[in-house]
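Based on these hints, arrange chain P with the ligands on the given structure of chain R.
So you can see what is in the structure, the chains are spelled out below.
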Amino acid sequence: MTDSPVRPPTAPPLVELRGIVKVFPGVRANDGVDHTNAAGEVHGRLGENGAGKTTLVSILYGLEQPDEGTIAVNGTAVRIESPRQALSRGIAIVQQHFALVPTLTVAENVLLGQEGRPVFSAARVEAAVGALAETYGLALDPSALVGELSIGQRQRVEILKCLYREPQVVVFDEPTTVLIPEEIERLFETVRTLASEGRAVVLITHTLDELMAVTDRISVLRAGRSVGTFATAEVDPPGLARLMVGREVKLRSAVVARAEDVQLEEHAEHEVGDVVLDLAGVTVLDGSTVRLDRIELTVRAGEVVGLAGVEGNGQRELVQLMCGTRRPTSGTVRVGGVDLSAAGPLRWQAAGVRVVTEDRHATGLVLDMSVGENLVTDRIHHRPFSRRGLLSFGQLLQHGRRLMREFRVKAPSPATPARSLSGGNQQRVVLARELSADVRVLVAAQPTRGLDVGAIEEVTERVVAARDAGAAVLLISSDLAEILALSDRVAVIHRGRLLAVLAQREATLERLGPLLAGHVDVAEVAS
Amino acid sequence: MMVGISITAGAASDLFASAARLATPIGFVALGETFGEAAGIINIGLEGVMLASALAGAWAAASSGSVLTGFAVAMLTGMALLGVMALLCIGLRANQIVVGLGMNLVALGATTLVFKSVRTVALAPGLDPLQLGFLADIPFLGPAFFRQRLTFFVLLLLTAAAAFVLRRTAWGLRLRAVGETPAAADAAGVRVDAVRVQAMLVCGALAGLGGAALSIGELRGFTENMVAGKGFIALAAVIFGRWKPWAVLAACGVFGLADALQGQLPAWDINFPPSVLRMLPYLIALVALAVQRGRARPPAALSIPYERRR
Ligand SMILES: Nc1ncnc2c1ncn2[C@@H]1O[C@H](COP(=O)(O)OP(=O)(O)OP(=O)(O)O)[C@@H](O)[C@H]1O
Ligand SMILES: [Mg+2]
Numbered sequence: 005m006t007d008s009p010v011r012p013p014t015a016p017p018l019v020e021l022r023g024i025v026k027v028f029p030g031v032r033a034n035d036g037v038d039h040t041n042a043a044g045e046v047h048g049r050l051g052e053n054g055a056g057k058t059t060l061v062s063i064l065y066g067l068e069q070p071d072e073g074t075i076a077v078n079g080t081a082v083r084i085e086s087p088r089q090a091l092s093r094g095i096a097i098v099q100q101h102f103a104l105v106p107t108l109t110v111a112e113n114v115l116l117g118q119e120g121r122p123v124f125s126a127a128r129v130e131a132a133v134g135a136l137a138e139t140y141g142l143a144l145d146p147s148a149l150v151g152e153l154s155i156g157q158r159q160r161v162e163i164l165k166c167l168y169r170e171p172q173v174v175v176f177d178e179p180t181t182v183l184i185p186e187e188i189e190r191l192f193e194t195v196r197t198l199a200s201e202g203r204a205v206v207l208i209t210h211t212l213d214e215l216m217a218v219t220d221r222i223s224v225l226r227a228g229r230s231v232g233t234f235a236t237a238e239v240d241p242p243g244l245a246r247l248m249v250g251r252e253v254k255l256r257s258a259v260v261a262r263a264e265d266v267q268l269e270e271h272a273e274h275e276v277g278d279v280v281l282d283l284a285g286v287t288v289l290d291g292s293t294v295r296l297d298r299i300e301l302t303v304r305a306g307e308v309v310g311l312a313g314v315e316g317n318g319q320r321e322l323v324q325l326m327c328g329t330r331r332p333t334s335g336t337v338r339v340g341g342v343d344l345s346a347a348g349p350l351r352w353q354a355a356g357v358r359v360v361t362e363d364r365h366a367t368g369l370v371l372d373m374s375v376g377e378n379l380v381t382d383r384i385h386h387r388p389f390s391r392r393g394l395l396s397f398g399q400l401l402q403h404g405r406r407l408m409r410e411f412r413v414k415a416p417s418p419a420t421p422a423r424s425l426s427g428g429n430q431q432r433v434v435l436a437r438e439l440s441a442d443v444r445v446l447v448a449a450q451p452t453r454g455l456d457v458g459a460i461e462e463v464t465e466r467v468v469a470a471r472d473a474g475a476a477v478l479l480i481s482s483d484l485a486e487i488l489a490l491s492d493r494v495a496v497i498h499r500g501r502l503l504a505v506l507a508q509r510e511a512t513l514e515r516l517g518p519l520l521a522g523h524v525d526v527a528e529v530a531s
Numbered sequence: 064m065m066v067g068i069s070i071t072a073g074a075a076s077d078l079f080a081s082a083a084r085l086a087t088p089i090g091f092v093a094l095g096e097t098f099g100e101a102a103g104i105i106n107i108g109l110e111g112v113m114l115a116s117a118l119a120g121a122w123a124a125a126s127s128g129s130v131l132t133g134f135a136v137a138m139l140t141g142m143a144l145l146g147v148m149a150l151l152c153i154g155l156r157a158n159q160i161v162v163g164l165g166m167n168l169v170a171l172g173a174t175t176l177v178f179k180s181v182r183t184v185a186l187a188p189g190l191d192p193l194q195l196g197f198l199a200d201i202p203f204l205g206p207a208f209f210r211q212r213l214t215f216f217v218l219l220l221l222t223a224a225a226a227f228v229l230r231r232t233a234w235g236l237r238l239r240a241v242g243e244t245p246a247a248a249d250a251a252g253v254r255v256d257a258v259r260v261q262a263m264l265v266c267g268a269l270a271g272l273g274g275a276a277l278s279i280g281e282l283r284g285f286t287e288n289m290v291a292g293k294g295f296i297a298l299a300a301v302i303f304g305r306w307k308p309w310a311v312l313a314a315c316g317v318f319g320l321a322d323a324l325q326g327q328l329p330a331w332d333i334n335f336p337p338s339v340l341r342m343l344p345y346l347i348a349l350v351a352l353a354v355q356r357g358r359a360r361p362p363a364a365l366s367i368p369y370e371r372r373r
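If you're matching them up, the sequences are chains R and P in order. According to the working numbering, numbering within the first sequence proceeds without interruption in unit steps and concludes at 531. According to the working numbering, numbering within the second sequence proceeds without interruption in unit steps and concludes at 373.
Okay, chain R solo, but in the shape it has when bound (with noise of 0.2 Å):
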C-alpha cells in the first residue's frame, strides 16, 4: 500500500470485535479474539486451517453468535443477530463457500434481498448488474444462471453480490482461490478503491504475497487465538508463515518456479514405467456444446501430468469422466490397458483410479455424514467395515481416528459432522480417503484450494509420494506455481482443447502465459 490511513486519533475505528470467544463442541473456535478495523484500512487475516478465521467473520456477520465478546460499529455497541442485521448496518461478506441460489441467474442471485422495489424487470436488473460488473472488471453474463457457471464465474458473482450492497465494512473470506491471476490483480485493485473511499475492508487469504500486497495491517491467528497484529510493513512472508504454523515452512511461489535453473526437488530423479491412464480421441457433449473436444493424453506409472487450464474449460468434464459418473461422446478412456469407457463409477475404482474432486461441497463430501463416514464411502461394503451386510462401528471409529492423525484433520472426533469442519480441513478429509486407498491413478483437481501454507507442503509431499511408489498422477489446477513445481511434464487445456504437452524443461511461465489464454502457435500443435 502506499499510505497509511489518516484520520483524526479520536474518531473511533469502524468495526471493533473485542475479547470474542466461540465454543463448538470440542473446539475453542474463537478464544478471546479482537479485531479493529478503521476507516480505510485494508486489515489482513491470516492463520491455518481450522484457526478459527471464518468463525470471526461469521460473527461479524450474524450468521453465528459469540459465547462472549462484543461487537462495535462505529463505536456503538451493537448485537449482530442475522446477516439481515448485519447488512443493515452496512457490512457485507464474501463467504469462504458459495451461498447463491443455482437455479437464479446472475442478475437475480445480486438483486436478492436488496431488489428496492417490488416488481422488477429483468431486462433492467441485467443492464444494471452488467454494468456493476465491469466498472470492477468481472466479466459474467448477467442472464446466465448460476448453476451453470464455473467455480470462478461464481466468485465473480458473490463478489459481484457483495459490492451491490454498497457497503462500509467488507469482507472477503478467501475470495481469490478460484480466481486467475488477472481477476486477482482487479480484485486488489478493486479494495484498493474501497478502502480510498473510506471503507473497512478484512481480507482472508492463505496466499502470503496477496497479504503483503494489498493489507495495511496482518493479525494472525492460531488455535482460536491471537498471535498478534501487524503492521504489513514490518513483516516479510517467512516470518508471517513461522508465526502462523509455529514451524518453518518452505514456501512456493511462482517468483521460484519461474527461475528456470532451479532443480526443485520435487523433481528429483524418478522412474517412470509404462502407460496407465490413456485417452484416446475423448469427446464430450453436452446437446450441441463441446466440453472436451478430441482429447489425446496418457499419463505414465511414476509421472506426474499437469493440466493447466483456466478453470471451466473442460476440467470438470474430465473429472467426471475419471469418477465414471460422465461417459464420452466419443474416444476411449484405458486404465492399464483396459477400456473403462462405458463404466460406472465402482468400475473406475476399482481399476485403482482416486479422484480428489475440485468441488468439496458438491462432490468430495457428504456434508451431514461424519468425518468417519465420509472416510469410507468408498470402502464402506469392504471388509473389514461392514461384514455380511453389517457395518462395524468399531472399525469405523478407529480407521477414521488412525486417518485423522495420519493427514492431521483438525476436528474434535470421526463422530464430528463434516459440515462443521473449516474449509482446509473438510479438504484433508477428501485427501486422506483417495490417498489411503490402493492408488494407481491419482487425479487431483485443485488439492490445494484453501489449504494454508503447511498443508499446501504436506499434500505436495504425499503427491510426491504416490508418484514414487508408481502411481500415475494427473493434476489439474490453475495454479501454474503448483504445475510447476510438480509435474514431468504440462498439458494446456482450452475450450475443451489441448493445445499443447509440453516436457518439464520447456514449460516455463512465458511459454504457459499465452497457451492459457488460448493464444497457439501453428508449431506448437504439431509439437
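Be aware that one or more of the hints could be misleading.
A few chain P positions that, by computed beta-carbon distances, are all more than 10 Å from chain R [claimed, not checked]:
#	residue
1	171
2	197
3	206
4	213
5	283
6	347
7	355
8	362
Which residues of chain P face chain R? A few of them, derived with a C-beta cut under 10 Å, are [unchecked claim]:
#	residue
9	227
10	230
11	232
12	233
13	234
14	236
15	239
16	240
17	253
18	305
19	360
20	363
21	366
22	371
23	372
Everything labelled a hint here was simulated from the structure, so no lab data went into it. All values reported here derive from a predicted model rather than from experimental measurement. Glycine included, every Cβ here is placed at the ideal spot set by N, Cα and C.
Chain P with the ligands alone, transformed into the frame defined by chain R:
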C-alpha cells in the same frame, strides 16, 4: 381408438366443458401449492384443508345466503389451517409430511362430525354458469370455455397473476430463493421463515377458494368426504406442471379431462366397469408422474426445515 367412432363436435365440446368445470377447484388448490412448494414447503394436507374449507364455505353461504360470504369464509378457513401448519412446520420445525398427514385425518374426522350435526349445508346457494356475450357463441370453444362459472375465469386471472408474481416481483424472487437454497437467501438478508409463512398463507387462501369452488360453485352443498382425492390430484398437478403456474393449470386440465371422460363414456355407450372409470384420473396422475422425464426438479429445499448453520 375405441371411442373415435361416434364422437361429434358437440360431444367433444361437452367433454371439454365438463373437464374445465371439474378442473377448476383442483386448479385453485394446485396454484396455492405452487406457491408453497416454490418456497420449500410441501403440503400433504391439502385434501384436508380443501375439505374443511368446502364445509366452512358451504355453511357460511347457506346461513348467510351470500355466495361471497361463503367464499370469504372458506378462504379464511384455509388461511387459518395453514397458519396452524406454519406454526408447527416453521415455528417448531416439525416434519411437514407428518403435519400434513395429521391435517388430512383431523379434517376428515372433524368435517364428518360437524356435517352430521348441521345437515342444512346441503342446501347452499350456488354459482350459475355465465354466458360471456359473443364469446359464448364461438363454435366449439364457446360452449367449452365461455359458458363456465365465474370461478373458472377467476382461476385464469389468478394463474396469470401467480406467474407474474413468481417471475417478476421481489417477493417471488425471495420465494424461489428460499425454496431452493434457504442458506443463500438468509445470507442475502432475506427472512427465510417469514417468506415461508407468507407462502403458506397464500397457499391456504387458494386452497380455501378451491374448497369453496367445489362446495359452493360446483355441488351446492357439502357431502361427507366430498373432496375425494382432489387435494392429492392437485399435489400431483404441481409436479406434473413443473412448478410453473400455467403448466400446473394445464396439468389440472388433463386431470379434469380424465374426470370428465369418466362421466361421458357411459353416455357414448362405451361400457366400462364404473369402478375402473372412477380410477381414471388417479391412474392418469400416476402414469403422468412416472413417465415424466427426469428434468423436472423440485425446489431443492422442498420439505426441509431451515436452521442457520454452516
Ligand atoms: N458450526 C460448527 N460446529 C462445530 N464446529 C465448528 C463449526 N464451525 C466451525 N467449527 C470448528 O471451529 C474451528 C474453526 O473453524 P473456522 O472455519 O473458523 O476455521 P478457518 O480459520 O476459517 O479455517 P480454513 O482456513 O480451513 O477455512 C474448526 O476447528 C472447526 O472445525
Ligand atoms: Mg475458513
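Structure versus earlier hints - violations, ascending order = Of the numbered hints, 8, 18, 21 do not hold.
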